[in-house]
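Asks: Construct the entire structure; sequences and hints are all you get.
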Amino acid sequence: MKLLFDRRYPVTSILLLVTTAVFLSMFIRFGSDYQTGAAVYYSGGIIGEVVEADPSQLWRIVTATFVHIGLEHFVLNMITLYYLGRLAEDLFGSKAFLALYLLSGMMGNVFVAIFTPDVIAAGASTALFGLFGTIGALRFIVQSPYIRHLSQSYTSLIVVNLIFSFMPGISMAGHIGGLVAGVMLAYVFPVRGEARFMNRTYQMSAALSYLLLLLYFLGKILNLF
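Throughout, the working numbering is defined as the position within the sequence shown, counted from one, plus 1168.
These are computed hints drawn from the structure, not numbers from a lab. Model, not experiment: these values are computed from the prediction. Even glycine gets a Cβ: it sits at the ideal position worked out from N, Cα and C. A few of these clues could be false.
What the hints assert, rightly or not - Now the in silico label distances, taken between C-beta atoms and shown as ranges: (1) F1198 with F1365: 43 to 53 Å; (2) G1199 with R1176: 35 to 45 Å; (3) P1223 with H1317: 37 to 47 Å; (4) R1364 with K1263: 17 to 27 Å; (5) V1230 with L1192: 12 to 22 Å; (6) S1377 with S1312: 17 to 27 Å; (7) H1317 with F1393: 39 to 49 Å; (8) L1390 with L1255: 27 to 37 Å; (9) R1364 with G1199: 49 to 59 Å; (10) D1286 with S1377: 44 to 54 Å; (11) G1199 with V1243: 18 to 28 Å.
Replies: This is how it looks when you write it as structure tokens:
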């Protein structure tokens, strides 16, 4: 059972289990067609044009993070989540890590809906890029020399992953959206033991910036202005 659920990392374990359950349900429901656009859409993927035409589909900015397009897409993201999630959960604690993951995924999916509205998108990479962005930004925020060094080492990983984002079939918009959110949220959620060093002005400004950017893009998607 410990292989499936690690009590030291409850949120990482739950995210892995939920995402795996969604992937298996796609295979059970659609069989060999589980990679098709229809299967991805009906499992919770997002298409910007659909959300624009039917605002009741806005929930897809959350669910798309848990849906994957094919086995390779799923496996690569789950391996990354296993290692990156455990690191982030160690650094921030379970509640803050969950917030970082979901909020980054939402922003990434909103970017997809805005900048590639005719493309179906799904995958945990929006949220994972958020975690990359958060950890990469810590070098400018925390006092701990160890975490600063760790953060600096992740910069090259971010660059490499952004380069891979130019490959066909990969959502650059989703990755950038998640990354932007992650950097903002690094100033909102303090690392364990570093809360007293957090600049409250930066914290409030970053939280407000995230909220305003999200609301602005949601307004554009829904044609509110």
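Asks: Each of the hints needs a verdict: does it hold here or not?
Replies: Tested hints:
1. F1198 with F1365: 43 to 53 Å: 50 Å, holds
2. G1199 with R1176: 35 to 45 Å: 37 Å, holds
3. P1223 with H1317: 37 to 47 Å: With Cβ atoms ~45 Å apart, the hint holds.
4. R1364 with K1263: 17 to 27 Å: Between R1364 and K1263, where Cβ atoms are some 18 Å apart, the hint holds.
5. V1230 with L1192: 12 to 22 Å: Holds: the Cβ-Cβ distance is about 20 Å, inside 12 to 22 Å.
6. S1377 with S1312: 17 to 27 Å: 25 Å, holds
7. H1317 with F1393: 39 to 49 Å: 44 Å, holds
8. L1390 with L1255: 27 to 37 Å: 36 Å, holds
9. R1364 with G1199: 49 to 59 Å: Between R1364 and G1199, where Cβ atoms are some 55 Å apart, the hint holds.
10. D1286 with S1377: 44 to 54 Å: Violated, at about 28 Å.
11. G1199 with V1243: 18 to 28 Å: 19 Å, holds
When held up to the earlier numbered hints, the structure conflicts with hint 10 and nothing else.
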